[in-house]
Every structure is written in structure tokens, then in C-alpha cells.
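S.K.: In order, the protein sequence lines correspond to chains R and G.
No gaps in the numbering here: position 5 of the first sequence is 645 in our numbering, and each next residue is one more.
No gaps in the numbering here: position 17 of the second sequence is 22 in our numbering, and each next residue is one more.
Because the hints were derived from the structure by calculation, they are not lab data.
Warning: the hint list may mix true and false statements.
[What the hints assert, rightly or not] Partial pick of chain R residues on the chain G-facing surface, computed with a CB cut under 7 angstroms:
(1) Ser682
(2) Leu683
(3) Lys685
(4) Leu686
(5) Glu702
(6) Ile705
(7) Val706
Cβ coordinates follow ideal geometry from the N, Cα and C atoms, glycine included.
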Amino acid sequence: MNDQAYTRGLEVVRKLLAEKVEEYVDDADLLQAEINSLAIDSLGKLELIMELEDAYSVMMNETDIVNCRTIGEVISAMSQSRVKT
Amino acid sequence: MSKPESSWLLFAPVVFNYLLLKVGTIWLRTYIFLSRGGEADSVFNSAWQSAGRLSYLFRQAEFCKNPNGYHWREMLFLRILDEMRRVQLTYVPRFQIGADDVDLLLSKTKGPAPVIVMTTHSPVDATLNRVYRQNGIEFSVLATGPGVIAKAELLGFVGKLDVTVSSKDSLLIMRRKLAERKLISACVDHSVPRAGTPLSDVFISPAMFELAVRTGASVIYAWTTVSDEGIILLSFGAPDDGLNSPSAEALGNDFIGWLRSEQGDRRRWRLQNRTQRASSRSRIFAFVEKSALD
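Please model the entire structure based on the sequences and the hints provided.
M.R.: Written as C-alpha cells, this is what we have:
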């Protein structure tokens with residue numbers, strides 16, 4: 641995946657999660673951040689996924705998302721799904 | 006007065022109630038054990054009526070292990086079924102639902118949008134599964150664990166139950182099930198013990214309402230209770246027609262209004278704030294503060 645695709649996803653994550661991801665100053669660190677370690681609940685996760693889906697114009701199968709451990713893996717799955725469609 | 010003494014004074018009546026409840030349990034267990042040779046229907050009816058006459062033993066259930074603030078009669082109902090199961094007596098509880106309620110359910114499920122049924126926990130809430138099944142509706146139940154299956158079976162549900170266990174992924178999973186046109190049935194309430202007191206606060210979570218708003222799903226409200234005659238009563242309702250493109254918060258508050266005005270629910274429901282870190286831990290001796298309806 642190219643840097644531009646990552647950047648777009650990271651912008652969405654930073655905007656939505658705001659202070660919850662403040663400690664990840666470096667983008668590389670945020671990509672490695674484990675989703676379950678962030679203070680987001682089921683609704684927060686749904687909002688995050690739907691915002692990312694909007695950003696990448698895709699509709700993900702939840703099984704692809706559930707298997708993603710980190711923010712980077714989610715963004716990668718979104719981007720790859722877009723390439724397929 | 007010192008703090009330890011005041012704490013003891015606060016808990017002493019609760020301990021007394023708890024002991025009375027234990028006596029009630031022993032009585033009920035013995036009664037059903039001695040009646041186990043009879044037909045399940047007559048054993049249930051007999052136990053229900055006899056226990057109702059000894060209500061002072063069972064009313065205490067409202068003040069013990071009852072963080073959700075259930076009515077003692079509903080708790081007694083489930084306990085009789087449980088005691089009957091202990092002695093291998095299978096009783097399928099009777100339930101009543103109005104024709105208008107079934108029409109509402111069917112019209113929504115046959116409509117263009119998927120449906121989410123919002124209800125609150127009750128000892129007989131799993132009876133809703135029988136209604137869905139009887140009406141040929143494909144559905145999934147949101148639950149905190151597999152205990153929901155045992156409860157459904159105790160309340161007469163036969164067959165495989167599709168359960169979505171609560172997790173950080175459950176809303177995503179339910180979104181897919183809604184896309185597959187499955188009805189989602191969810192208890193959207195939880196209780197939080199109030200620190201330093203035997204009280205609990207009860208909340209309605211906005212999460213399922215948010216899912217409905219984001220997916221365009223139709224919302225149905227549901228209520229389950231038990232009549233004086235030992236029959237499960239079910240009713241459905243719809244959000245206020247005056248709500249145009251409602252937010253999750255507006256829907257949640259409308260649901261609370263429906264519980265109070267249509268069902269006479271006296272519990273002090275509040276809509277959970279997104280920033281609240283609510284815990285659904287139950288706690289012995291916790292009971293719910295109730296308010297008098299105007």
C-alpha cells in the first residue's frame with residue numbers, strides 16, 4: 641500500500657479518536673497500536689470502521705476486521721479491499 | 006454516629022430480607038420436590054398460587070441480588086421453573102401477546118429496513134425468542150454470554166438460538182446480520198452499583214440505537230412481564246411518530262419514556278453517557294432506586 645493511502649486512514653483515526661491516540665505522536669507507532677489497547681468500546685469501534693469505510697469508499701466484511709489486531713492492519717485491509725473492488 | 010455503624014444499619018434489613026428469602030427457597034424446593042409426581046402444568050399452577058400466598062417470603066427477592074430491579078413476582082416465576090427443572094419436570098410457560106403487537110412486529114419485519122428489537126432485561130425476556138420463532142422471523146440475540154440459551158430453554162424455546170456475544174466486535178457482527186435481514190433482539194439496559202451503598206443505578210445504553218441510526222434499521226420496543234395468573238405478558242411498541250430522523254439519544258430517551266408511560270416501569274432509567282465507563286457487574290444486596298410515577 642502506498643503512503644498516501646496510509647496517511648488518509650491515519651487522518652481519520654486521529655480525528656475520530658483524538659485524545660485516545662495522542663500518545664502515538666509518530667505515525668509508525670500509531671499503525672502498530674493495538675485496537676483493543678485503545679480505550680474504545682463496541683460503538684467506538686463501529687464508528688471507527690464506518691468512518692474508514694467512508695474514507696476508502698468500501699464496505700468491509702466484519703470477519704476481515706475482527707482478525708485485524710492493529711490500526712495498520714485495519715487500514716491495510718480497507719485499502720486492499722478497495723483495490724479488489 | 007461512626008461510619009461502620011451507619012453501614013451496618015443500612016445493611017441490616019437487607020440481611021434480614023436475605024434470610025427470609027433463603028427460607029422461601031427451602032420451602033419452594035421442598036414443595037416442588039414433593040409434588041414432582043404430578044403433571045407439569047398442575048405442579049406449576051399449584052406452586053405459583055401457593056408461593057403467591059406466602060408472598061412475604063418471596064417479596065424479599067426484590068432487595069437481594071437484584072441489581073436490575075426486577076419485580077419479585079417475575080423472579081419467583083423463573084425460580085419455580087428452575088426448581089421444576091431440578092426434578093426433571095418440563096413446563097412450557099404460557100404467554101400472551103396482543104394481535105396489534107404481532108401486527109407491528111410482522112409489518113416492520115416485512116418492511117424495507119432491517120429491524121432491531123430493544124428491550125430491558127427481565128426474568129422472562131427470553132420469551133421474545135418464542136414469538137420470533139412462531140412467526141417465522143430469522144433473528145439473532147445479543148447477549149453477554151451463553152447463559153441466554155439456558156434461560157431461553159427454561160422459558161420454553163426449542164431449537165438453535167443464534168447468539169451474538171457482547172464484545173468490542175459485536176456491533177460490527179450485528180451490522181452484518183442486519184444486512185442479511187436478520188432481526189436483532191437486544192436488552193439495552195445495564196446496572197452499575199452505587200459505591201458505598203446497596204443501591205444500583207440503571208442505564209439504557211445508546212449503542213444499539215446508534216447502530217439503528219447508522220444502518221437505517223427500524224426500531225421496535227419490547228416489554229416482558231408476568232401476570233398475577235402466572236402468564237407471561239409481552240408487548241411491542243414503536244418510537245414516537247413525532248421523531249423525525251431521530252438521533253440515538255432521542256431514540257433512547259423515547260424508549261425510556263415508553264417504558265414509563267406505556268409499561269408503568271418505575272425504575273429511574275437514565276441514558277448512558279458515552280464517557281461513562283459503566284460496569285455491568287452485579288452485586289449481592291444491590292437494589293434499584295425506584296420512583297413513584299406521577
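S.K.: Are the hints correct? Go through all of them and say.
M.R.: Now the hints, each set against the structure:
no. : hint   : result
1   : Ser682 : 5 angstroms, holds
2   : Leu683 : 4 angstroms, holds
3   : Lys685 : 5 angstroms, holds
4   : Leu686 : 4 angstroms, holds
5   : Glu702 : 4 angstroms, holds
6   : Ile705 : 6 angstroms, holds
7   : Val706 : 5 angstroms, holds
Checked against the numbered hints above, the structure breaks none of them.
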